[in-house]
Amino acid sequence: MTSATQPVVKLGLQLLRGPAGAVLVMTAIFVVATLAFFAINGREAVSLFQEMVMGAFGDSYSFSETLVKTAPILLTALAVALPARLGLISVGGEGQLYLGALFGTGAVLAAVDQPGWILMPLMLAGSMAGGALWGVIPGLLKTRLGVNETISTLLLNYVGILLVSFVVHGPWKNPNSLGWPATIEFPAGAILPQFFDTRVHMGLVFGIVAAIVLHILVTRSRWGLGLQVSRSNPRVGATAGISYERNVLIVMAVGGLLAGLAGIAEASVIQNRLQDGLASGYGMTGFLVAWLAGQHFLRIIPLSVLMGGLLASADSLQLYAQLPKASADILQALLFIIVLAVASLWARRSNI
Amino acid sequence: MDIQLYNITKHFGDVTANDGVSLDVRAGEVVALLGENGAGKSTLMKMLFGLYPPDDGAILIDGRETTIESPQKAMSLGIGMVFQQFNLVPALSVLDNLLLAYPKPPFWTFRRLFHTSPRKAVLTYLHELAPGLAPDTLVRDLSVGQRQLLELVKVLNLDAKVLILDEPTSVLPPQEAERLWGLIRKLAEAGRSVVLITHKMQDVMACAHRVVVMRAGRMVQTLTHEQCTESSLVSLMMGDSNQRSAIEVTPREAFANRPPRISIRDLDARHGAQSVEDIRLDIAPGEILGVAGVSGNGQHLLADALVGLTPLARGEVIIDGRVLQSASRTPSTSDRVSYIPEQPAVNAVAADLSLTTNVALSHFRSLRFFPAWTPEEQLTRKIIQRYQVRPDNPALAAGQLSGGNLQKLVVGRELEGDKDLVVAAYPTMGLDAGAAHDIYQALFAKAQEGAAILWISEDLDDLMSYAHRIAVLQGGRVSGIFDPRECDRLDIGRAMTGEHRPASTQQPPEQKPADSHARAVS
Chain A
1 MTSATQPVVK
11 LGLQLLRGPA
21 GAVLVMTAIF
31 VVATLAFFAI
41 NGREAVSLFQ
51 EMVMGAFGDS
61 YSFSETLVKT
71 APILLTALAV
81 ALPARLGLIS
91 VGGEGQLYLG
101 ALFGTGAVLA
111 AVDQPGWILM
121 PLMLAGSMAG
131 GALWGVIPGL
141 LKTRLGVNET
151 ISTLLLNYVG
161 ILLVSFVVHG
171 PWKNPNSLGW
181 PATIEFPAGA
191 ILPQFFDTRV
201 HMGLVFGIVA
211 AIVLHILVTR
221 SRWGLGLQVS
231 RSNPRVGATA
241 GISYERNVLI
251 VMAVGGLLAG
261 LAGIAEASVI
271 QNRLQDGLAS
281 GYGMTGFLVA
291 WLAGQHFLRI
301 IPLSVLMGGL
311 LASADSLQLY
321 AQLPKASADI
331 LQALLFIIVL
341 AVASLWARRS
351 NI
Chain B
353 MDIQLYNITK
363 HFGDVTANDG
373 VSLDVRAGEV
383 VALLGENGAG
393 KSTLMKMLFG
403 LYPPDDGAIL
413 IDGRETTIES
423 PQKAMSLGIG
433 MVFQQFNLVP
443 ALSVLDNLLL
453 AYPKPPFWTF
463 RRLFHTSPRK
473 AVLTYLHELA
483 PGLAPDTLVR
493 DLSVGQRQLL
503 ELVKVLNLDA
513 KVLILDEPTS
523 VLPPQEAERL
533 WGLIRKLAEA
543 GRSVVLITHK
553 MQDVMACAHR
563 VVVMRAGRMV
573 QTLTHEQCTE
583 SSLVSLMMGD
593 SNQRSAIEVT
603 PREAFANRPP
613 RISIRDLDAR
623 HGAQSVEDIR
633 LDIAPGEILG
643 VAGVSGNGQH
653 LLADALVGLT
663 PLARGEVIID
673 GRVLQSASRT
683 PSTSDRVSYI
693 PEQPAVNAVA
703 ADLSLTTNVA
713 LSHFRSLRFF
723 PAWTPEEQLT
733 RKIIQRYQVR
743 PDNPALAAGQ
753 LSGGNLQKLV
763 VGRELEGDKD
773 LVVAAYPTMG
783 LDAGAAHDIY
793 QALFAKAQEG
803 AAILWISEDL
813 DDLMSYAHRI
823 AVLQGGRVSG
833 IFDPRECDRL
843 DIGRAMTGEH
853 RPASTQQPPE
863 QKPADSHARA
873 VS
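Top line first, the protein sequences correspond to chains A and B.
Residue 259 in our numbering is what sits at position 259 of the first sequence, and the numbering runs on without skipping anything.
Offset between the second sequence (1-based) and our numbering: plus 352.
Looking at chain A on its own, in the form it has when it is part of the complex (with noise of 0.2 Å):
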């Protein structure tokens, strides 16, 4: 090795170890374990990989599905990572975008008749207090009788999907649909616009804006200290005068409104009403979104991106390539042990 090259292999190492290294180390252990999983499969599995990475990424209409599928993750990442500031763990993303889409269409179907400029700020307005509400109640229940959050938030998922699918087959099933579970079609007004001729909508706008947003606040403002304090030492936020009661209330009522226009987004734009399966699972990879990006809100989107990506792909894979559907799942699962375990294992190397 000559003298000159040395720094950069010095400097070069140094940036191994830090998190350009894990992100390295990461991405290659998920590509050997996916790899394998097809390998497993009996299928050509380099050239399927391949296949995956053009299905999400490879062409404007795959990558404009990929963003279609990221807009949601984004928005329901926002609603757990924003309580977690705070030290709550939320897993209320689900059924806080059922109950957005079940609001927003109520919303649609009492005004069918009006304009569009009344009709979508009305469902806006509708989908974003449905959602709040879905945030709310745990958020009472935690701060008046100390109901832990997590187990209500998990429960009322259930509550939020069935509400869902109690309307849609009952009273706001649409009498023409011949026995199909949904409300009739949204007017044109209700339909949030979208972009470049394909489904990629408004949603994904609201969560990016909103990521920049709650990240200034949070990093910046005296409010989100006081998240902070609390979250760090109760007590301490008390003495300073930071109310913790009220600031569970307004970041599980913001992260519901999130997730809400999530589940008005979904209903308006992809399925043009409101149904049952409306979210396929949206919520929980919202989820562990939010985790493996360290509940960093800017760090939320590209990680959103590329899920929405695997979810996409996963789509093309079940077309080509005949894998099952819970495929998506299994990769999804690989990937996210492997980013927790690498991470992990970086941050313990580090403190040594």
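Hint data in this document are derived by calculation from the structure and do not stem from the laboratory.
Note that the coordinates shown come from a computational prediction; the quantities given were computed from them, not determined experimentally.
Mixed in with the good hints, there may be bad ones.
To be verified - In silico contact screen, one side only, chain B against chain A (beta carbon under 8 Å); selected entries:
| # | residue |
| --- | --- |
| 1 | Ala702 |
| 2 | Thr709 |
| 3 | Leu719 |
Positions of the beta carbon are idealized from the N, C-alpha and C atoms, including for glycine.
With chain A held as given, fit chain B onto it using these hints.
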């Protein structure tokens, strides 16, 4: 059993805790190890008890060099230690606690065969030392003195020939301390040796045969009991730092005829099993009201209720004519009320946030929505410098500092700015004398600026020296209010244990607080 410590040296990082210390303890002797906090007394004894190995030097037992690598080894040699923090299970009875600490005899010994029941064995010393204590009493119902006795019995049950007691009187009211001194003398007469770690003159004068004075990790001098006078001991302990500037308190004339700055009226509060009842106290601007009492008699709850961390069940707290807290309102804290809680490292800082952030918390309400951090950092540097907080980097997370340094930071933070009331709970506990001196100076300077001070302490000496009045809390009630100029320590002690009401406080529940105030300041 004779013990010799020879030339013991111990470093912790850059700090030299013991520097070539030699000490011998003979059978039947009470040796007092006297020194300020941080002088290295506990470290030396913890090495004898096998908690840390010495870096250099030797331990000789009956003339033979011995390595004591663990407390188990120390106990098997007959060395027992009673720590400041008790190691008892509150939910279990006295008997159960004793049985827990009693080793099962190994299977090959005759002791096992001829053993009478272990119950009887563990209770022998208990009956001897505390005949009145029923073995089925739950430990949580015991007084601090009784708990300490129980710890002592635990050690005696292990057949200890050498007993090390770490600051045993620091938590005891005066008359319990006297009982302990008697007990120590009795143990010595029975041929055991006792090492008494202490920073109190009274302990030394009362029961030590010999005094070893330590300062800054070194042994300064050994004196026999006859050679000791309190003043000679003080100057040996303090060394050059004896010339510290005096701590000034507000002259009584300054507030003698002023209306109270803070008035606590008929205050009741409850939290879990703790409660305080019927608290009526007035504090004038500039006045230092000491609160004495055995820990756990409501001090914590009273402080929390005053500053607005616990709702009042009854009564109100008035500050300059305005209601600060009342039973009919949600409690709220104020930037003009300072609170130095006990264990500041746990109760007063957010451990994962920076020192600057932790300092800014004292005036959180007046921060801008997007706070400007430069002035906060300057303020933090100022506090760090004034109170010698180490390490001195304001960007460090609070959790990276030791408890003592965090305590200094919290005191500095809470005494910054204009304050109407300062509630300080044990503000100097665990700090060395220099730091404690600085903190007292700063705290009492706040009083001279016109703040009312409510100062909770367990150190009767300090309370008697600086407080204008001393209120004693017992069982959640004020059991007496004393003027330190004209009262006896034993009166305070009796009020602390609630043995009987001393004459001066027979009427307080009916007496108006203002009257007792007037009496104390006149």
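Okay, the hints, checked on the actual structure:
no.: 1; hint: Ala702; in the structure: 4 Å, holds
no.: 2; hint: Thr709; in the structure: 7 Å, holds
no.: 3; hint: Leu719; in the structure: 5 Å, holds
The earlier numbered hints are all upheld by this structure, with none contradicted.
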